[in-house]
Amino acid sequence: MNEINEERTSLPVTKSLDEVTIRFAGDSGDGMQLTGMQFTNTSAVMGNDLSTLPDYPAEIRAPQGTTSGVSGFQVHFGSTKINTPGDQCDVLVAMNAAALKVNVRSLVDGGAIIVNTDGFDDKNLRLSGYTANPLLNDSLSRFKVYQVDISKLTELALQDMNLTSKIVDRTKNFFALGMMYWMYNRTPDSTVEWIDAKFKNKPDIAEANKRVLKAGWNYAETTEIFNVRYEVKAASLAPGKYRNITGNSAVALGLVAAAEKAGLDLFLGSYPITPASEILHDLSSFKRYGVKTFQAEDEIAGIASAIGASFTGALGVTTTSGPGVALKTEAIGLAVMVELPLVIVNIQRGGPSTGLPTKTEQSDLLQALYGRNGEAPVPVIAAATPSDCFDAVFEAARIAIKYMTPVMFMSDGYLGNGSEPWKLPKPEDLPDISPTFRTDPNGFLAYARDEKTLARQWAIPGTPGLEHRIGGLEKQDKTGFVNYEPENHDTMVRLRAAKIAGIVNDIPHATVEGNDRGDVLVVGWGGTYGALRTAVESQRAKGHAVSHLHLRYINPLQSNVGEILTKFKHILVPEINLGQLIKVLRERFLVPAIGYNRVAGLPFMSSEIEQAIEDVLGGKLV
Amino acid sequence: MSKLVDQVVTKDQAATVKYTSKDFQTNQDVRWCPGCGDYSILAQVQRIMPDLNIPREKIVFVSGIGCSSRFPYYMDTYGFHSIHGRATAIASGVKLARPDLSVWIVTGDGDGLSIGGNHMIHLMRRNINVNIMLFNNQIYGLTKGQYSPTSEFGKVTKSTPFGSIDYPFNPAALALGSGCSFVARSMDRDPKHMQSVLKRAAEHVGTSFVEIYQNCNVFNDGAFFQLTEKETRDENVIYLEHDKPLVFGKDRDKGLKLDGFTPSVVDLKDGIHSINDLIVHNEHDSTLAFILANMTYNQALPRPIGIFQSIERSTYDHEMTAQIARETAKKGRGTLATLLNSGETWEIQ
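In the order they appear, the protein sequences are chains A and B.
According to the working numbering, the first sequence holds residues 37 to 658 in order.
According to the working numbering, the second sequence holds residues 91 to 439 in order.
Hints in this document: simulated from the structure, not taken from any laboratory.
Hints may contain errors.
Below, in silico cross-link-like pairs of lysine-lysine (DSBU-like), each with a Cα-Cα straight-line distance of 30 Å or less [stated by the list, open to error]:
1. B/Lys421 / A/Lys277
2. B/Lys420 / A/Lys234
3. B/Lys101 / A/Lys438
All values derive from a computational prediction rather than experimental measurement.
Build out the structure end to end from the sequences listed, making use of the hints.
Here's what the structure looks like:
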């Protein structure tokens, strides 16, 4: 054990809190994502509700010590319902000067900063652009600053282990984690288990990490530097089995679940791209579910192979982000034409072009709806929270299979990387998906349609007597033969549109959170759900007549959306783009909706949405 | 394959009926220009299909865009006329999802080597067990006569009125360089040879690539006449036959010999050279395959026609299936219940 010079003479006071937001920040090589995830999992297992926000640079190893290389992870946890990762943090753990500089602005006044003083030497100060050491002047006087030489204490904890200084340095994040575990009364058990499993074949590394974790805990317990400990009780979540899940993991599980429910094999054709790659990784590990993953040579081959697989009777899926969707555009049109099931997963990121690969945005909605040549309607479904990605992508697969159509599933970097506790569904509670393959050769026509759904039948290779040809050229109604006749083309364009529009009869009505009439209806879609909901609840608590409508189905829109909109004096549509859903609502319902738009690569803060609502109520935002 | 698929598809890999070439013809009018080399290729493919003894419903033809890519419409099998350049990528998905199918890709020099070049090389690298027929007419026909990636340097076309300044691809060398396990070349005007090569391609386990010289009588007429017509053929073409010395000429009086890695023509009647000096073709020798493929645009040497290479290498589709089987054997087939209980879970009472 390391030497502790200061011995505690008084016991710390324990205070109870409803919710806390902690931000871990350091160099991109400091392991802050891991530290944050460990704190998150431990809190989840202890029964807190929570929401997380990883915030990392696009560069894997950006220049050390600079502000561009800072990686952060924010976790908001509590004994109450948690909808967002928190507008601001209460506690900032800063492993170096750059981390402090970048993140101090997200700390609440009076918040706590725990700094690794070793990260504030001359070199770090110079690289981060500080002209004076902020720990030595009064620039941080609004906060409570705890100065701990984490690097030195870590070194001391491991001095008898003969480890290289590089390895020692890599464990210091666990010292910070240990301190935070003590401060928030978390048991380190699940992290210890994780370390043992992760470093099964490297016992000395496992030992070092566990020692440092414990040293951090003991340091906080023994020294008098911290005189308050906090307790955040378990939230009252519905009974059941839970796990913590990121949006991307939920997509992977949702796709496998849909394929299993349908009795189909899942085929993923994909190309690595941030922030969607985790779905490819997760699905690649699900071999024993019969999942086939194909890391293709490019985005186009990713979707093309998925279409090929769907042709043969698999559930074809391709996963990507906006730039990848741009490349897949022509193939999506092909899937529309050949009328095969396909799920296209878009984990949106900042654009245009390469844009902001690791930042979140909602600017691909119009691309999803309209970004193809010709009249090529595609259902568009958006997830609202990380765990909702499971249900939403399951629904996307259900519609794709039932209606023989490509479906665009929209998530974003914030949902994909963010996490929350998820109550595991029971297999029998999942919606029914029951595809059938055509087998009867008598009277078989490749483009004959089901009267109700307008879907054509799935006739797969290997079935005797159903040999037929499909392709991207216009099809003759019913027969599916190539056909260039004017009237036939008009018929087919309308049939394809009617098929997608008709899905409206197969989806539930939209529901409003709050009263179904009032002064302001906040309408959103996708990953802004948590911020919008928190803002609306807060406004309602203040007595304002505000409600929230969050759209899962963007195409087709649910049948009662138009009617809901008529019940409110003002419609406010906040989006992390310059106004895309609002265009759809205005065009479809001719409503004078008001946009609130900020495109900063960051999720909305609930406070700014509250401000926007107040501005609408006060006539300042029109 | 999933239970649902298993319930409807033919299990037998061998056909139970005896087909004729007619069984592979569709009711669609064939719409290539009269005199097009594609007619011959279609006829040869329909002719060899019965010999493959594969149930018709288990055969899938996938094409991209271009004149050649109309092919699936004329084959009474399953077919997919897709988008420009992507037949190889779509066919990869078809074969990986359903290794039980016999998958044929029909493409051209523009579709397969220009817009679809990337998918082509990666398919061959992976050695997915499919058959590629690349109709090479050295021109863009469907778009009415622009130069293609196999057009010769200096070619005058609508888009190169002062002559092309592009060097052509050598498709056989590209295929070999991509690691393709079966690489061959044939010609539209040599039906017997084409049939034998296509049969070998079908039998080959792994990616087979067959370049077929095809005359476009509208936009590039006679591009291969030196190689295909009676008067010139024998002096300009050398047929590659496994285990046989490389002999050519009307009187079979010339041969190919190697000086180091450089092939040259020898006269078997000059009193100096004999058949023992000649290269003996070996389909399993990759080095030799490269040397022979590189003769393609060398005017001093005859053009090699036949199978450059046929080697055995485990296929991607086999490896994929085997890996799934291994992991499933280790942990048991996953179910919805195991899936929904994975990860670190906790109970809330």
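To see whether the hints hold, each was checked on the structure:
no. : hint                : result
1   : B/Lys421 / A/Lys277 : holds, 23 Å
2   : B/Lys420 / A/Lys234 : holds, 21 Å
3   : B/Lys101 / A/Lys438 : holds, 26 Å
When held up to the earlier numbered hints, the structure conflicts with none and fits them all.
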